[in-house]
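Going down the list, the protein sequences come from chains A and B. So the first sequence is numbered by this note's numbering: it starts at 1 and just counts up by one. So the second sequence is numbered by this note's numbering: it starts at 259 and just counts up by one.
Think of the hints as simulated: they come from the structure by calculation, not from any bench. From the three backbone atoms N, C-alpha and C, an ideal C-beta is built for every residue, glycine too. Hints should not be assumed to be uniformly reliable.
Said to hold, decoys possible - Here are the in silico distance ranges between beta carbons for each label pair: (1) B:TRP590 with A:VAL88: 29 to 39 Å; (2) B:ASN290 with A:SER86: 41 to 51 Å; (3) B:GLY372 with A:LYS212: 20 to 30 Å; (4) A:LYS108 with B:MET462: 21 to 31 Å; (5) A:GLN74 with B:ALA436: 34 to 44 Å; (6) B:GLU421 with A:ARG71: 19 to 29 Å; (7) A:GLY64 with B:GLN392: 32 to 42 Å; (8) B:LEU574 with A:LYS212: 30 to 40 Å; (9) B:CYS361 with A:THR56: 50 to 60 Å; (10) B:PRO280 with A:LYS171: 41 to 51 Å; (11) A:ARG71 with B:LYS417: 15 to 25 Å.
Stated by the list, open to error - Simulated coverage check for chain B against chain A, where a stretch passes if three residues somewhere in it have a Cβ under 8 Å from a Cβ of chain A: (12) 309 to 322; (13) 442 to 456.
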Amino acid sequence: MALLEIRGITKNFGMLKALDDVNVNVEQGDVLGIVGPNGSGKTTLINVISGFYQPTKGGIFLDGKNIAGLRPDQITARGIGRTFQSNVMYEGLTVIQSMLVSSLLQYKTGSWKAFFGTRTYREEHERVVGRVLEILRLLDLFNDTFIAADKLSYGYQRMLGIAIALAANPKILMLDEPTTGMNYEEAMFVVENIRKLRDQGITVLMIEHNMKVVTNVATNVVVLNFGTKIAEGPPHVVMNNKDVIEAYLGTENFGANN
Amino acid sequence: MNPHIDWRNTFPKIVACILAAPALIVPLLTDNPATLSTMILSGIWAVVAMGFTLILWTGQFSLGQAAFMAIGGYTSGILSARLGWPFWPSFLTAGLVSGAVACAVGAVVLRVGGFYFSIITLALGEIVRIIAMQWQSVTRGTRGLVAYPPEAISLGFIKIDFEATPVPYYYFMIVLVAVTGLIYWRIGKSRLGGTFFSVAINPMLAEHQGIHLMKFRVMAFTVAGVFTGLAGSFYAHFLQAVTPYMLGIPESIQVMIMSIVGGVSSLVAGPIIGSVVLYNLSQFLQRAGSDLQTSGFVLEGIQPLVFGGAVVCILLFLPRGSGLIDLWTRFWKRVYKEVDFYELPEDLEEETNTH
């Protein structure tokens, strides 16, 4: 039984079929690339898994239990975290504040103990701050700890997005276009970190357009087009799949002989 | 200088305490019941305004806080005047009932949130008023209830008599403001405050970090409900009456304005400053108005004008949402440029400052 099983997920927005009977299995330790042309349903799939959208049909099984229909906060509590394509931030907060505010799941102490500032809370708080700083160090954000998040450069803002998602202690991390807008070096830095995360036991799902990144780090790839899965397998196999090439580039002979 | 005290943060607080200290001896400085009454009412409104700000900190605009005052006032009025309860249990129960209503209403209404929530809280004021008017058997309708002053307290040879002068009410107000302020301040500084903030500024992101939005919205709404109910009960027992017309939409809006003018970025000091400044200003103008009236000038409706004008000025001149408190913060930033304080930077701040 796979760690995450997406079975028959269909998502309709009125008449628009954004996802149509999508089936994907993700094993523990995978780095799954989710690729496809724009509008193929990649982000919608992430949104459905994270609980932001309710699926019209189908189920999502985490360790065998169906999590479809739960709220996003419940799903994150069960170990699935995500980043956002448009890199959402907390306006006005510094890097460290953004992280602490996003780390609620790292605490076992409840609101009452936090309010009174009991010793158990304060000890736990110190540990959480330590872990948060580790995450910042890992993603090269340590030097920016006290900087306002919206003053970071674009690349570092995306890294902060990943750091925030990591603050929730996910077992499965879903990254929505993590290297968009980055140059080669920055993209490889992200790849480095995805490898480090995988080594720490985190399973990664990654929406990507950059094929170098995908071939570099993904263990397997799923291709979506118009809401359906059109191919699946290791990166180099999928890249050479005729249907996949057609989906991205159009039919070879179109217009050639007409 | 003691190297372990963060003087940058502590010094302004010490100055604030020194500036606020005279409040404790106001009754020794003046006998005028009108002055005391104004200060007492400012304090009551400050407590309510703090509740508004707390709810705002979870991203919601409640235009119905006066309704919770009314619920508190009526609860303690009914318990004391109609059921013969002594003041203190009535007072505390008023807070609990108001909180319970806030929790129940919030659990339903906070799901829609945003604009719809604000409209519904506005309607809440009217609903409470209508219930107060119609449920004659309990509330005596438009005739209202008499809310007796608290019973005298005997402490050894000192007898605190609430019936003679407003002075005991004044100190009661000080205690209420201090206790409420302490609790709200602690909420703001703790992990709860950060969580509320994240729910307000980016609910989608907060949700994906495992924060259950409804739980925290209802929590804030309920806490505000409890203390607003207590304030309402005090209000009723101070004015010694509770009627359907005394707390409605204009009062809810007044509370909102006090919070905004004081500064929404501050959970305790902002509302206090906003309510003291605005309430005193409006009372002063009202008295000036009635003085002028004798010489033919009519200054009707000065209070809404003052309040509205104050908001406009604040929004124009102190637009970063920080209201009057912003003046305080900016003052201290200026001070630090001129004066050399022994700053003990957090090791972290030095370590990270490699830019």
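Point to revise | Non-conforming hints, listed in increasing numerical order | key: 2, 3, 6, 7, 8, 9, 10, 11 and 12
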